[in-house]
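The hints should help you fit chains B and C onto chain A, whose structure is shown.
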Amino acid sequence: MSVNYTTVLWNTQKKWYDLLLWGGILLLLFSFAIFQIIFHPDITIETLIIRATAVAAFTLLHFILLIGPLCRLDSRFLPLLYNRRHLGVSMFLLALVHGVFSIIQFHALGDTFPLVSIFTSNQNYQSISEFPFQTLGFFALLILFLMAATSHDFWLKNLGPKAWKNLHMGVYFAYALIIVHVATGALQYESHPAYWALLVLGFALVAGMHLWAAWRERQKLAAQNVLEQAGFYEVGPVADLSENCGKPLFINGENIAVFKYEGKVSAVNNVCKHQMGPIGEGKIIDGCITCPWHGYQYLPENGQSPPPFNEKLTTYEVKVLEGIIWVNPHPKAAGTYIAPAKING
Amino acid sequence: MEATISILLLLLLVYLILGAMVALLLYSRGLQQIDEATADTGWGFKLLILPGLLCFWPLFLMRLFKQSAKTK
Amino acid sequence: MKKENPFYIGWQNEMAPSQRKFLKRRIIPIFILLPLLALLLVMAQRPFNGFSFDFGNVKTFTGIYHSTPVPVLEVLGEGERPGATEFLLLVGYGKFGAEGIMEGIEEKEGKLEGKKITLRGTQIQGDGKTLIELTEQENSLAKVFTAPAVQNPQKMARTEVTYSGEILDPKCYFGVMKPAEGKIHKSCAIRCISGGIPPVFRVQKENAPAEYFVLLGPDGEKINREILQHVAEPVQIKGMRTQENGWNIIYTNPQAISLLEE
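Chains as they are written, first to last, in numbering that gives the first Met the number 0: chain A, 0 to 344; chain B, 0 to 71; chain C, 0 to 261.
What the hints contain is simulated information worked out from the structure, not anything from laboratory work. Wrong hints could be hidden among the right ones.
Only pairs whose alpha carbons sit at most 27 Å apart, straight line, appear in this in silico DSS-like list of lysine-lysine [unchecked claim]:
id, chain 1, residue 1, chain 2, residue 2
1, A, K13, B, K69
2, A, K14, C, K20
3, A, K161, B, K65
4, A, K263, A, K341
5, A, K156, B, K69
6, A, K14, B, K65
To give an idea of the interface, some chain B residues facing chain A are shown, with a C-beta separation under 10 Å as derived from the structure [unchecked claim]:
id, residue
7, M0
8, T37
9, W42
The structure displayed is predicted, hence computed values, not measured ones. Glycine included, C-beta positions come from ideal geometry on N, C-alpha and C.
Extracted from the complex, chain A is given alone in its bound form (with noise of 0.2 Å):
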């Protein structure tokens, strides 16, 4: 929070989640392991370690990627995203060591560079079933690794919010890429019905998820009638606000939260300057609006971090008239002091 940097801003709640992340990913590691050794005794420790790591990092993607929605569902998930990049690293460190055994094993001690072997040795580009896997999985790890790169705060800060989202909106990229190298690839040789089963299930559950999230947002939105006077927009009645709570609106373009507290309403940018989360879904505490997201807070009437913190929110004019809240959309500078309005007079 613009503070100095640390390396892991350590806390108990991160103890946890890491300690279950790794307790569950060493456990489907030693049990694919296990299973293996006792139903297989015949695989060789190469192949068993490609195997294991594919699978560990290709679940893990999976429980990634439904932590988003899954958030946007029900806000009692939102313990996993606080801590979500540690699943991000963790599936980059399990998809690399998948890729550099796979590249060796393959590629390596040969007549070609290996890194130029994953492109050439097979250059069945025209084909769909003998399509280059490993070229879809190369490209893959690389937007892994740029994601991983880059999960720091100092990257949120310095590449900016807005590209350092995009870069990460590259794991949708990635999990198509993965998907189809898991088709073209392992799915060539292994005939099991289970195995496509599982990958389409997979994929099934994510893009269900998403679809389900985002068609209660936009019934969220769509719940919301604005009427317009004089520059603000009506948002409704104070009363239907709870005590310390916000509602985020969506007003000509502009994503605002508004929050009630201490007989007063104030108004912010919805969009959180850590991570971009939803402040409005916030609560306050403390006398500070609180991000739901990862506990960023910021002063209702200005929209200012509290000292040593330096992020601001843009602020909006905001007038409470015979109950009905109303809030002009046009943001003043980030930081602006707005006098909140008085519920009663």
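Relative to the frame of chain A, chains B and C by itself:
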């Protein structure tokens, strides 16, 4: 095709080597000028941001030049 | 706000008990599902064969060296049937054939064709075939016997055949890698064959043991480069079938190799 891929990989290597040089420059003096919050950070942090610096070094080099131009 | 969900702040030490309960109920089943997923994947997996690669165990093999049509060591009394002659195919270290190594050795020791020699190498064995990896490369020659060189046996008759099957690299296939066939091994097979390992064509008929044929051009020339893009795909090959130095051969024109439509 092999020739094309080899050339591209060579260019990538050159890009990363330049990135390493810029990273060293930033670590020795420039990083704080670009982002004050990097003051008093340890080697753990510097190592953590190194892969990203190797990729996005042109951005930081540009900012470093802009900062030097400003202070002159 | 509709239902009062607890408000989570990650940087605080504790989360609300109701939130913890909510998450516990959803995370614990995941820990049960993970090993079940692993079990399903393993059970549904194609089995591996029992072929072997004696990695890390370099031993000696004594026999008569033949360089054509592919480099082999004619060994008496080794392998599965003591007393019978076996022809061990020689392959190089990594993804390379043995020719370069043997030529390098012959530059120092003189021609070895038909001579009884002892080679050091690592055994690869599967489906009745044995190969030797010349792990120590040009240091693989342990001894040359003084007995005179033996002539190559008479060539057998050739018959025209058309077979369907898969082109593999014998080094990986007979024990070094598992699996060493099909799409997922294709790049490696291409690398091995490109590096000079003789391509071997596996013909698998129903209810019959597989037959393996070394592929060579019509005049016995290597066609490794020409067949590269057909490796690890179901293909049909037309050529002249024979047997030399213990290995089945198909002499074929690379143009006569066609992809099998599924």
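Hints, one by one, checked against the model:
no., hint, result
1, K13/A - K69/B, "violated (41 Å)"
2, K14/A - K20/C, "holds (18 Å)"
3, K161/A - K65/B, "holds (22 Å)"
4, K263/A - K341/A, "holds (5 Å)"
5, K156/A - K69/B, "holds (21 Å)"
6, K14/A - K65/B, "violated (40 Å)"
7, M0, "holds (5 Å)"
8, T37, "holds (6 Å)"
9, W42, "holds (9 Å)"
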